[in-house]
Amino acid sequence: MKEQTIEQFLTDLSAKQSTPGAGGAAALVAALGSSLGSMVGNFTLGKKKYQVVESEVETIVEELEQIKWCLEGLIQKDADAFYPLAQAYKLPKSTPAEIDYKEKVIEEALVGASVVPIEIMEKALRAIELLEQMSKIGNKMLIADAGTGIVFCKAALEGASLSVYINTASMKNKQKKEALNLKADQLLEKGTILATNVYQKISLLYKSSSQ
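Under the numbering used here, the residue at position 121 of the sequence shown is numbered 121, and the numbers go up by one with no gaps.
In case anyone wonders, no lab produced these hints; they're calculated from the structure.
Don't take each hint at face value.
What the hints assert, rightly or not - Each computed DSSO-like pair below joins lysine-lysine, with the alpha-carbon atoms no more than 27 Å apart:
(1) LYS201 - LYS104
(2) LYS190 - LYS176
(3) LYS177 - LYS47
(4) LYS201 - LYS47
(5) LYS2 - LYS104
(6) LYS183 - LYS172
(7) LYS190 - LYS93
(8) LYS104 - LYS183
(9) LYS16 - LYS90
(10) LYS140 - LYS49
(11) LYS136 - LYS190
(12) LYS176 - LYS102
(13) LYS93 - LYS104
(14) LYS90 - LYS136
(15) LYS48 - LYS136
(16) LYS140 - LYS201
(17) LYS176 - LYS201
(18) LYS201 - LYS174
(19) LYS190 - LYS49
(20) LYS93 - LYS140
(21) LYS201 - LYS93
(22) LYS93 - LYS177
(23) LYS16 - LYS2
(24) LYS102 - LYS201
(25) LYS48 - LYS174
(26) LYS47 - LYS16
(27) LYS102 - LYS90
(28) LYS68 - LYS190
(29) LYS183 - LYS68
(30) LYS176 - LYS90
(31) LYS102 - LYS16
(32) LYS172 - LYS93
(33) LYS68 - LYS207
(34) LYS136 - LYS207
(35) LYS172 - LYS90
(36) LYS176 - LYS140
Work the whole structure out from these sequences, hints included.
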């Protein structure tokens, strides 16, 4: 999917087909947010005014680029994880043995389909943390771009969480369901609080300077 044009991806996303879906869209949005952070960093590097933080900015940009590439891969991985689940629902259930087998396969596929959006959430959260740092030390002319990146990653975090919850809702293994939900809850809470705080600081900065 990452070889597609933006136009083709959006066409496929809006079509009556299972993939790409919400998880892949969330990964793409988080990748956009990470890219904005890298842009801010690249506009900071090489400037005498920011020479004292150049090493730190370089490190942040390198990690944001790694996150971006991982998220690109997760777009496809999310689609790949959904396929076994879609196939599992098509299995026959005419006999008790078939019913048991189908439930087992569906349960395994639900776990697989939940793990990928959690990976997306982890990457989005880390990107938010790095974007927060960039908003503090990066080129002051581009603080709004860092803030936009944070907003994107927050949206991705929230969107991916729904992909977790919709899959765990159908799980019969209560222990596995609770563990996955707890992980998603923790990532969501931490990222949402941090992203909201940074966004408010940046927006207030611009509002106060315009008065």
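A quick look at each hint next to the structure:
1. LYS201 - LYS104: 49 Å, violated
2. LYS190 - LYS176: 22 Å, holds
3. LYS177 - LYS47: Violated, at about 50 Å.
4. LYS201 - LYS47: The given pair, whose Cα atoms are some 25 Å apart, holds under the 27 Å limit.
5. LYS2 - LYS104: Answer violated: LYS2 to LYS104 is near 32 Å, above 27 Å.
6. LYS183 - LYS172: Given that 27 Å is the threshold and the Cα spacing comes to 18 Å, the pair holds.
7. LYS190 - LYS93: Since the Cα atoms of LYS190 and LYS93 sit roughly 42 Å apart, the hinted pair is violated (cutoff 27 Å).
8. LYS104 - LYS183: With Cα atoms ~23 Å apart, LYS104 and LYS183 stay inside 27 Å; holds.
9. LYS16 - LYS90: 18 Å, holds
10. LYS140 - LYS49: Between LYS140 and LYS49 the Cα gap is close to 10 Å, so the pair holds against 27 Å.
11. LYS136 - LYS190: The hint holds at about 19 Å.
12. LYS176 - LYS102: Cα-Cα ~18 Å, so holds.
13. LYS93 - LYS104: 12 Å, holds
14. LYS90 - LYS136: Violated - the C-alpha atoms of LYS136 and LYS90 are around 51 Å apart, more than 27 Å.
15. LYS48 - LYS136: 17 Å, holds
16. LYS140 - LYS201: Holds, at roughly 14 Å.
17. LYS176 - LYS201: 38 Å, violated
18. LYS201 - LYS174: 40 Å, violated
19. LYS190 - LYS49: 32 Å, violated
20. LYS93 - LYS140: 61 Å, violated
21. LYS201 - LYS93: Violated, at about 56 Å.
22. LYS93 - LYS177: 24 Å, holds
23. LYS16 - LYS2: It holds: about 20 Å lies between the C-alpha atoms, which stays within 27 Å.
24. LYS102 - LYS201: Between LYS102 and LYS201 the Cα gap is close to 51 Å, so the pair fails against 27 Å, i.e. violated.
25. LYS48 - LYS174: 57 Å, violated
26. LYS47 - LYS16: 49 Å, violated
27. LYS102 - LYS90: Distance ~9 Å between LYS102 and LYS90 Cα, so the pair holds.
28. LYS68 - LYS190: 20 Å, holds
29. LYS183 - LYS68: Answer holds: LYS183 to LYS68 is near 22 Å, not above 27 Å.
30. LYS176 - LYS90: 23 Å, holds
31. LYS102 - LYS16: With Cα atoms ~25 Å apart, LYS102 and LYS16 stay inside 27 Å; holds.
32. LYS172 - LYS93: Cα-Cα ~17 Å, so holds.
33. LYS68 - LYS207: Violated. LYS68 to LYS207 sits at ~31 Å, over the 27 Å cutoff.
34. LYS136 - LYS207: Distance ~17 Å between LYS136 and LYS207 Cα, so the pair holds.
35. LYS172 - LYS90: Answer holds: LYS172 to LYS90 is near 18 Å, not above 27 Å.
36. LYS176 - LYS140: Roughly 45 Å between the alpha carbons, so the hint for LYS176 and LYS140 is violated.
Hints 1, 3, 5, 7, 14, 17, 18, 19, 20, 21, 24, 25, 26, 33, 36, counting from the list given before, are not met by this structure.
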